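Peer 1: Residue strings, one per chain:
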Amino acid sequence: MRMSARTQLEQTAWQIRLGIIRAISSNHGGHIGGSLDLAELMAVVYSDFMRVKTEEPRWADRDFMIVSKGHAGPALYATLALKGFFSSDRLENLNKTNNLLPGHCDRNKVPGVDATTGSLGQGLSLACGAALSAKITGRDQRVFCVTGDGESAEGQIWEAAQFAAHYKLDNLIAFLDWNKMQIDGTNDEVMALGDPVAKYQAFGWDACKVNGADVLEIQEAVLRAVETADGKPAMIVLDTVKGQGARCIMEMANNHCIGFPDSLREQVMAELREQGRVLGMEVED
Amino acid sequence: MNRKIRYTGKKPEREVFEIFNSTMRELIEDDPHVIYLDADLMGSLKTQELWRAFPKNVFNTGIQEANMIGVACGMYLNGMKPYVHSFAPFTSRRVFDQVFLSIAYAEKSVRVIGSDAGIMATHNGGTHMCFEDVAMMRTVPEACVVDVSDPVMCAEFLKETKERPGLTFLRMPRRDLPDIYCPGTRFEEGKGMVLREGGDVTLIGCGIMVATCLQAAEALRQEGIEARVIDIVTIKPLDRELVLESAVKTGAVVTAENANVIGGLGSAVTEYLAMERPTRVLRVGIEDTFGRVGVESFLREAYGLTAEHIASEAKRAIALKN
Numbered sequence: 001m002r003m004s005a006r007t008q009l010e011q012t013a014w015q016i017r018l019g020i021i022r023a024i025s026s027n028h029g030g031h032i033g034g035s036l037d038l039a040e041l042m043a044v045v046y047s048d049f050m051r052v053k054t055e056e057p058r059w060a061d062r063d064f065m066i067v068s069k070g071h072a073g074p075a076l077y078a079t080l081a082l083k084g085f086f087s088s089d090r091l092e093n094l095n096k097t098n099n100l101l102p103g104h105c106d107r108n109k110v111p112g113v114d115a116t117t118g119s120l121g122q123g124l125s126l127a128c129g130a131a132l133s134a135k136i137t138g139r140d141q142r143v144f145c146v147t148g149d150g151e152s153a154e155g156q157i158w159e160a161a162q163f164a165a166h167y168k169l170d171n172l173i174a175f176l177d178w179n180k181m182q183i184d185g186t187n188d189e190v191m192a193l194g195d196p197v198a199k200y201q202a203f204g205w206d207a208c209k210v211n212g213a214d215v216l217e218i219q220e221a222v223l224r225a226v227e228t229a230d231g232k233p234a235m236i237v238l239d240t241v242k243g244q245g246a247r248c249i250m251e252m253a254n255n256h257c258i259g260f261p262d263s264l265r266e267q268v269m270a271e272l273r274e275q276g277r278v279l280g281m282e283v284e285d
Numbered sequence: 001m002n003r004k005i006r007y008t009g010k011k012p013e014r015e016v017f018e019i020f021n022s023t024m025r026e027l028i029e030d031d032p033h034v035i036y037l038d039a040d041l042m043g044s045l046k047t048q049e050l051w052r053a054f055p056k057n058v059f060n061t062g063i064q065e066a067n068m069i070g071v072a073c074g075m076y077l078n079g080m081k082p083y084v085h086s087f088a089p090f091t092s093r094r095v096f097d098q099v100f101l102s103i104a105y106a107e108k109s110v111r112v113i114g115s116d117a118g119i120m121a122t123h124n125g126g127t128h129m130c131f132e133d134v135a136m137m138r139t140v141p142e143a144c145v146v147d148v149s150d151p152v153m154c155a156e157f158l159k160e161t162k163e164r165p166g167l168t169f170l171r172m173p174r175r176d177l178p179d180i181y182c183p184g185t186r187f188e189e190g191k192g193m194v195l196r197e198g199g200d201v202t203l204i205g206c207g208i209m210v211a212t213c214l215q216a217a218e219a220l221r222q223e224g225i226e227a228r229v230i231d232i233v234t235i236k237p238l239d240r241e242l243v244l245e246s247a248v249k250t251g252a253v254v255t256a257e258n259a260n261v262i263g264g265l266g267s268a269v270t271e272y273l274a275m276e277r278p279t280r281v282l283r284v285g286i287e288d289t290f291g292r293v294g295v296e297s298f299l300r301e302a303y304g305l306t307a308e309h310i311a312s313e314a315k316r317a318i319a320l321k322n
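Chains as they are written, first to last, in the working numbering: chain A, 1 to 285; chain B, 1 to 322.
Because the hints were derived from the structure by calculation, they are not lab data.
Note that the coordinates shown come from a computational prediction; the quantities given were computed from them, not determined experimentally.
A hint or two may mislead.
Said to hold, decoys possible - Now the stretches of chain A that chain B is said to cover, found in silico as 3 or more residues with beta-carbon under 8 Å: (1) 80-93; (2) 109-120; (3) 212-224.
To be verified - As a list, the in silico PhoX-like pairs of lysine-lysine whose alpha-carbon atoms are at most 20 Å apart: (4) K10/B with K56/B; (5) K56/B with K168/A; (6) K168/A with K199/A; (7) K315/B with K249/B; (8) K135/A with K56/B; (9) K135/A with K180/A.
Glycine included, C-beta positions come from ideal geometry on N, C-alpha and C.
Please take these sequences and the hints and turn them into a complete structure.
Peer 2: Below you can see the structure in the form of C-alpha cells.
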C-alpha cells in the first residue's frame, strides 16, 4: 500500500479547509468548529485508504465513509469536491434554500455521501450494518465512521459499540473527534465522556489515541487498523481542537455553529494564505 | 359471496408465527440478500431454528432496538434487504427517530414488523400494549402501514414488500388470527378488499377487527340490515376510491381498529371523507386510553372491540344518516 508523504497530506488538509471556509462563508454561517478539525482525518482517509469511484458513487464494492456527526457535512463535502465527486463550485450552495447541499450529510442529494445523518448517535449503527454485510458477502470492504464526543452521550453509540465487538467487525474503523467541546460547553461541563480509549477497549475494541492534527500519526493508526485482522473493530480517538487550523476560530469560546461575516472570512483567509505559502499552495480567488 | 374468502370463525390452519417462519425461510432460500434481524424476541416468534439454519441471513441484535434499525439501514446501504422484528412498541415508539430518519428520510428499503400490536399484548399489559404505532407511522412520508388481518395476508406482504422503497410497517398478532382469505389471494398496496356486500352501512376494519366486522355484519343481517364489509389492508396508503365509493353507496360508515382512534384508521377515513364527501363515520377503537393486563376476550369487552359494539354503532350510524 503506497502511503502519501506528510507534505502531500498537509496540502490536501489545507485544501479541504479552504473548501469548508468557502462553503460556510458563502452561507454566512454554519457548523465550522467540528468541520475544520476533521480536515487532517479526511485528507488521510481519502488520499490513502478509501476505495471509491467518483464516476460511480454507489459502486457496490466501495469502502464506506459514514459521518455519524452529521453536522460535519461541510468537511465531507469539501473532501468529496476535492476528490472529484462534484464541482467545488457546488460548495457555495451550502444550506441555500431548497438546494442540493444540506448542512447535514445527505446521501440522496450529494454524490459520494454514504449515509444521511444529523440526528446524532445513529451513524455507528449504520456502519455496523455495512461492515456486517461485507463480512457476510465476503467482500473486502472497509467501513470508516466518524463519531463525535458530544454525540457519544447517545446510548445508541454504545449499543453499536457492543454490537461491533460481538460480531467481530474488524473491517470497521471508527474515529472519535475528541475536541472536548459541545454546544453548551465542554464535555466535562455538559456530560463527561471520561477516557474514550479505555471505554472502547472495555467494549472489546482495539482503541488508540492520536494527535488529530498530525497527518502521519493518523495515517499510521489507520494503516495499523486496516492491516490488523484480529476480530476486533478499531477506534482511533483523534485528539483535536475544535476549529483547528484556523486560530481565530479555535480561540472563540463557542465555535460549534456560528455566523460567518465577511470580516471573519478575511481573517481566516489571511491565516490560510499564510499556511498555503508554507505548504507551497496558493489561494485561487 | 366473494370467492377469495374462507372465513368460518374457527381457529386458523396455521398461526401467524408459523406463517412468518415459513415465509422468511422461503425468502432467504430464494434470495441470499434477505436479512432478518430480531432484538431478542426470536423466542416469541419461534424463529430460533431460522437463526441456526441461516447464520448469514438471520442475526440477533440483542435488546438494542435503536441499533437494530441502524444496522438494518447499514445493511441496506451495502446491498441487503432487511426485515426487522420486535414487539410493536419497540419497533415503533421506541425507535421512531431511527425509523423516520435512517429508514424513511434517507430513502432506504426496510420492513419493520411489530408483533402483538394493541390488545394482542394481552398479559404483557399496558407497558407493552401499543395503540399509538399506527398514528406515528402514518405520519412518515411514503410509508406503507399494514395491520395484518389474516395469515395469508401476512405471507403475501412479507413477500411483496421485499424491495419496496422506504418504510414498510407491518403490525400483527403472533397467533389466534382467523383465516379470512383463501391461499393464493393477492394483495395490493392501497387496495382494500370488499369481503361482503351490503347497502345500508359500510364497516371498514383492519387487523384483528376485520373478522369482528364480518361477525357484526352477520348479526346485523339477522336484524335485516345489510352491511358492506371492507378490509382496508393498508391503512396508508388509504384506498380512497373504495372509501368514497362505499360512503356514496351506503351513506354511513363504521371503522374498527385495534389502535387509538386518534391517528388510526378511524382518523384516516374521517379525514378523507370530511374533505371529499362529508359522511357520518363512527369509530370503534381505543378511545385515547392506555392498555392494561388481560386475556383477549376481556380486553375486547373492556375497549369495545366486539361485534356487538360494531353492530350497535352501525345501527346508530344508519339512524344518523338523515
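Peer 1: The structure should be examined with respect to each hint, and the outcome stated for every one.
Peer 2: Here is how each hint holds up against the structure:
For the region 80-93 of chain A, the stated coverage by chain B is violated: 0 residues have a C-beta nearer than 8 Å to a C-beta of that chain, whereas at least 3 were required. Check result for the region 109-120 of chain A against chain B: holds, 5 residues qualifying (beta carbon to beta carbon below 8 Å, three or more required). For the region 212-224 of chain A, the proposed coverage by chain B is not satisfied: 0 residues have a C-beta within less than 8 Å of a C-beta in that chain, short of the threshold of three. For the suggested pair K10/B and K56/B, the alpha carbons sit about 38 Å apart, so the restraint of at most 20 Å is broken.
In summary, the hint linking K56/B to K168/A is supported, as the alpha carbons are separated by about 14 Å, within the 20 Å threshold. For the proposed pair K168/A and K199/A, the alpha carbon gap of about 17 Å is at most 20 Å, so the pair holds. Restraint check for K315/B and K249/B: the C-alpha separation of about 16 Å stays at or below 20 Å, so the hint holds. Between K135/A and K56/B the CA atoms are separated by roughly 9 Å; this keeps the pair inside 20 Å, and the hint holds.
Under the criterion of a C-alpha separation no larger than 20 Å, the hint pairing K135/A with K180/A is inconsistent with the structure, at around 34 Å.
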